[in-house]
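Student: Read off the chains here:
Protein chains: 2
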Amino acid sequence: MDVWSLSKQGDHPEDAAQDGNRFLAANGYMGLRGVPEEAGADRFPAVTLAGVYDRFQDRWREPVNAPNGLFVQFFLDGLPLSLGKAEPLMHSAQLHYQNGVYHRRTEFDAVLIESERFASLAQCHLLADRYQMTFRRDGELTLYTGISTEIWDINGPHLFDFRHEQGEALLTEAVTGEKHITVAVAQAVRPDFEAQEAFETTAAGSFRVLRRAVRKGETLTVALFAAVYTSLDHPAPGEQAARLCLRMKELGFAACLAAHEDAWADVWRRSLVELTGDEEAARALHASQYHLNSIAPRHSDAMSIPARGLSGQTYKGAIFWDSEIFFFPMFAYTQPEIARVLLKYRIDTLPGARQKAASYGYRGAFYAWESQEGGQEGCTDFNVVDVFTHRPVRTYFRDKQIHISGDIAYALRSYYEITGDRSLLEEGGAKVILECARFYISRASARLDGDTVDLNDVIGPDEYHERVANSAFTNAMALHCLKSALMLRELFADRPEWFARLLKDLNYEQDWALIPPLIARIRRPRLRDGVIEQFDGYFELEDCSLDDVRARLRDPREYWGGDHGVAGPTQIIKQADVIALLALFPGDFTDREVADNWQYYEPRTEHGSSLSACMYALTACRIGKTDEAWELFLRTANIDVSGSSKQWAGEIYIGGTHPAANGGAWMIAALGFAGLRIRDGRPELHPSLPRQISRLRFPIVWRGERLTVEVTREGGRFLRG
Amino acid sequence: MDVWSLSKQGDHPEDAAQDGNRFLAANGYMGLRGVPEEAGADRFPAVTLAGVYDRFQDRWREPVNAPNGLFVQFFLDGLPLSLGKAEPLMHSAQLHYQNGVYHRRTEFDAVLIESERFASLAQCHLLADRYQMTFRRDGELTLYTGISTEIWDINGPHLFDFRHEQGEALLTEAVTGEKHITVAVAQAVRPDFEAQEAFETTAAGSFRVLRRAVRKGETLTVALFAAVYTSLDHPAPGEQAARLCLRMKELGFAACLAAHEDAWADVWRRSLVELTGDEEAARALHASQYHLNSIAPRHSDAMSIPARGLSGQTYKGAIFWDSEIFFFPMFAYTQPEIARVLLKYRIDTLPGARQKAASYGYRGAFYAWESQEGGQEGCTDFNVVDVFTHRPVRTYFRDKQIHISGDIAYALRSYYEITGDRSLLEEGGAKVILECARFYISRASARLDGDTVDLNDVIGPDEYHERVANSAFTNAMALHCLKSALMLRELFADRPEWFARLLKDLNYEQDWALIPPLIARIRRPRLRDGVIEQFDGYFELEDCSLDDVRARLRDPREYWGGDHGVAGPTQIIKQADVIALLALFPGDFTDREVADNWQYYEPRTEHGSSLSACMYALTACRIGKTDEAWELFLRTANIDVSGSSKQWAGEIYIGGTHPAANGGAWMIAALGFAGLRIRDGRPELHPSLPRQISRLRFPIVWRGERLTVEVTREGGRFLRG
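From first to last, the protein sequence lines stand for chains A and B.
All residue numbers for the first sequence refer to the working numbering, where the first residue is 1 and numbers rise by one.
All residue numbers for the second sequence refer to the working numbering, where the first residue is 1001 and numbers rise by one.
Treat the hints as calculated values from the structure; they're not laboratory data.
Here a beta-carbon is modelled for each residue, glycine too, at the ideal position from N, C-alpha and C.
Please note that the accuracy of each hint is not assured.
[To be verified] In silico negatives: residues of chain A with every beta carbon more than 10 Å from chain B:
{"hint": "1", "residue": "Ala198"}
{"hint": "2", "residue": "Ala258"}
{"hint": "3", "residue": "Arg269"}
{"hint": "4", "residue": "Arg447"}
{"hint": "5", "residue": "Asp451"}
{"hint": "6", "residue": "Leu514"}
{"hint": "7", "residue": "Arg554"}
{"hint": "8", "residue": "Gly568"}
{"hint": "9", "residue": "Glu602"}
[Claimed, not checked] Listed below are the simulated SDA-like cross-link pairs for lysine to any residue, each with C-alpha atoms no more than 25 Å apart in a straight line:
{"hint": "10", "chain 1": "A", "residue 1": "Lys504", "chain 2": "B", "residue 2": "Gly1450"}
{"hint": "11", "chain 1": "A", "residue 1": "Lys646", "chain 2": "B", "residue 2": "Phe1388"}
{"hint": "12", "chain 1": "A", "residue 1": "Lys431", "chain 2": "B", "residue 2": "Asp1449"}
{"hint": "13", "chain 1": "A", "residue 1": "Lys8", "chain 2": "A", "residue 2": "Ser645"}
{"hint": "14", "chain 1": "B", "residue 1": "Lys1431", "chain 2": "A", "residue 2": "Asp449"}
{"hint": "15", "chain 1": "B", "residue 1": "Lys1249", "chain 2": "B", "residue 2": "Glu1114"}
[Stated by the list, open to error] On the chain A side, residues computed to face chain B include the following (Cβ under 10 Å):
{"hint": "16", "residue": "Glu279"}
{"hint": "17", "residue": "Ala282"}
{"hint": "18", "residue": "Ser445"}
{"hint": "19", "residue": "Asp449"}
{"hint": "20", "residue": "Asp457"}
{"hint": "21", "residue": "Leu479"}
{"hint": "22", "residue": "Asp536"}
{"hint": "23", "residue": "Phe539"}
{"hint": "24", "residue": "Asp555"}
{"hint": "25", "residue": "Arg557"}
{"hint": "26", "residue": "Glu558"}
{"hint": "27", "residue": "Pro569"}
Sequences are here, hints too, so could you generate the full structure?
Tutor: Structure representation (structure tokens):
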């Protein structure tokens, strides 16, 4: 097994949606789906842009896909030699995790095609492709290459007023419907052969046509350089794009590739987890780290990563709690400057969070559940389509998933604890924590005739149970947020005036006084035989098995949650909820408590979210269930290798890559197997290696210091550098 | 048109479910469905018992149907002469509203059958029937009469361990499954002819077989006397039943009928609304008053009336808010001793209401939404069956319809205001009001950072919108309840020690102090152009037409409400909600406010509940919309004449008679058209006669004084006596 690549033999158009994700080439600015160069819309080609959103009519807002500047299709004597139009003798695709290069090889009767392409990690606006044809008979070649506008859109179209320029660089510009953002794609080619050149513009795009006679045995190569800019990057995106692709053409494919590979080498040097003992696991970990690293916003100083990365428009390209809870840790421990960029996005979007809180009649910061640019809420009131009526169903993710604000405060505090860097708190982070705490103060309900305070009508991580009271996870997150607010004063004890000023600017005096009583009064979960009740009344729900619940489905694509779903009235949960709480606050619970809760909740968990397995694995490590942890690790780490994850929620397509699981794989390895934990402000190792692993080795940065963690069956240790 | 009866020509087995309701003969103790004597289970025969409930397995608890003691079927020369087994030349049924006598006439080739029967209003355990056959040819008659156990059960069976005795009286006893209540039915017959007598017991019941030769032109008559007792009435119900039917047999059919008719004459004397000018309306009003009077619990001192009366097991035979809000007024104004019995039921079931409040973590009295014996909650967590998945759907009627406690307090206060009788408050009514107020105190939510208090997560009268905040209706009812609690002290100013004692016994000191601030702080509804917002955020819901919403249905039997229903995400409401508030608190709103709200809400109301039209009609009268009021009145009053009301909610059968609409018809006539209203402790008339009515005349009892209200086009006046 090649632990550094993913391959697939044969042409399987029916797998196009999944394979586009599994073979994704991305660089944080954009994601190029893993489809062949000649793919039409039926194979879901897309160049998904980070942070560029659009709404078409009243449909969901979603990221914009740029036209595809790496389009190639050719004919020999008028016969098309393209997948889907001619039957290949052989076809294979391969993605190299080490350098993010996608390679395809297709054999027709008349020609052998090979190409390799990448989204440059050295130059984020660049896509490059080296396309090569070896002919097996003489004939007349007609090669179309250019900018295809036949791209995948879930809730589109998003681009209008196309304008094409043709010359040494092809340039296509269009504007989005909602905000009139210009998207510009330019393409230049560098063939290693002479040909007659012409141009064509059709409804499908803008193309350069190269014609010439070819001879049997002859090999022709053409290098393609596509550049993408938008008016969010530069006031003249078209000029920029044209200039860049021409410059890269000058430089040549090999030089572009070398710069790209250098950038990847640096990423791996800083983050690679070496796993010895099991090749499948090693490969899965490489895949996870490749995918997550490939979509990190290295080009921005304030941006986050969507729940399906840059693999398409699924989940509206929005930022979820995945960002803070699931992939933040890998970045915080290996590339803290990226962790900072993720959190800076939240700091910058505080106004949106305040607006959202106000729109529901609350104060403080209620972050978007599905955050788009500016913190705008992408989550609508309707997130599921009923498979029987085909009608949208009212869901409450947007309104009730209030743990999101606490999750962000949690990450801000973690960032400080891991990096020792207080500056992020100074540059807005402290304000965010205070505003999140204020939100919980205003969201809490007091009884007139009692002492406790409730957080009613919420949704915890387990989304199958909507509108519950006193979610154990949510209340704990709120509590942590309130305590973090108080902690700020200690942390800035050396800058009392600055802190006092901050409180004053926020008009926080009354709220500050409310925090300690709220901390004392906020409802703590009920315990039964050591098991934490997930929310008020959870234990009274029907206690049945996953199989029972599954047997009640009338359609395999039915949504399980809410009052209509099969899980809603039962104790069956979607994903780690109480277990996530135990995983995130390891110091607050004993091993025995972890064991009791794991035992109770695991059989009741559908793991219907890719976020689930990682939390179960982390806690399993702690209680010595290394076999279970191992199985959950493989499930998590392999998710974008196998492509076998859930593709539908009701009638909504939810496929794509899984950054949260990718980050989860790192967490299981580093925080679970190696047992990296912070106690009393120091990192510790509590290894819990599954028997399949003989050694784990990975770099971290601890408060500015580079360390290598090494864990073997003999134990774990930190090495300098 | 005979304004005092309902007739139907022809045999229509397909209408059996509705006709059984429309032709119901009842007496408060039991309801005998309007089906022919020979009807088998396919025509839904039933003798539904008031206040006797049973659960079979895990199905819904529902009232028990007794075996049918008026069963008759006969054969001539071995040929069955029964509807459904032979084709009649002619068949008709007739129900006389004046005396509650059901008459049937059926002509076969060989025989003419006529019968008249009733559920005695003079002797509540008695059913009697005079059955007559006139033969058109000679032959051998075989007549089966007895106690049929082939009865309709929705969630049954409920009766087990059948025991039959045969002799001069047939006696059938059985016990219910859940609580082992004995149900005894006895039957005696008095034929006016000689016959050979034998007995048969089969799986279908216990029968007397009479055989004799008959001659063409001969008429034979047999009088049937059936008596029903349960062990809730008497420790030896079988003996009692046998004794009663034999005594009645002695007395004879004519004497039984005369006593029954006298009782009805008294009821009409006390309650009849004479409407002059429109026969259809007069008949509809007679029908409404007949149905409601026929099911009044005259035999009990503490009992209420189920939402579908005694017409079957629909809605679990449970008591809803219908009782206090919709049929309480007719009784309070015409037969206050019955109004008292209805409220005594609530006083007696206070322990159940306290238990329910406690089960949700609250204090005080949270009355059952669907109250069965002892105040037990009959409403389950699942009240709708999805038509697509056939799965029960979680609904929140039980948990969230908290206005029920306020409705009961409202009726208790009205009872005092109408009758001037303080004794009911002394005998537990005051305690109920205080406990309901306590429930609202404990149910309210205060913000830590604000002054207002919310009633979150409730359902108002419009059940299509579940789990809303600050329902205008609910908050107003809670407010009224709190104010009524304070009023008690003034009312009992002459008995300060008694009242102080009551508060002390209830340990009410702290709560008493909380009432005034809660009254001040409870959230008042938002207004927009004079329109009261039904609940927080209602105005932000999709504003579309009823037709739009109806067009979204994929199945005509779909449930409209909840997050999956077509109405849920829109401003379309099931029934009067804000309008009910205006109707119940006429003194709190100006005519202009009523007009603005009527205009807004009427087109947005499906009137999907039979409770809706009456509230709209009452308010329409007030603002001079007499044409609209007239149309709504006819719809309300005709509901059990036409039988055309909604029969299904999802997959649940909801047919039956409509006591709330029956009471609503009285309210529209008396409180709407005549405009009877209490102001400053005195009754007033504000007539608003539709042009179709030339005169209205009806008796009331005002604080012990008998008055006659007379309204003509010239105006209204009170006459003594």
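Student: So which hints don't hold here, by number, going up?
Tutor: 4, 6, 7, 8, 16, 17, 21, 23, 25
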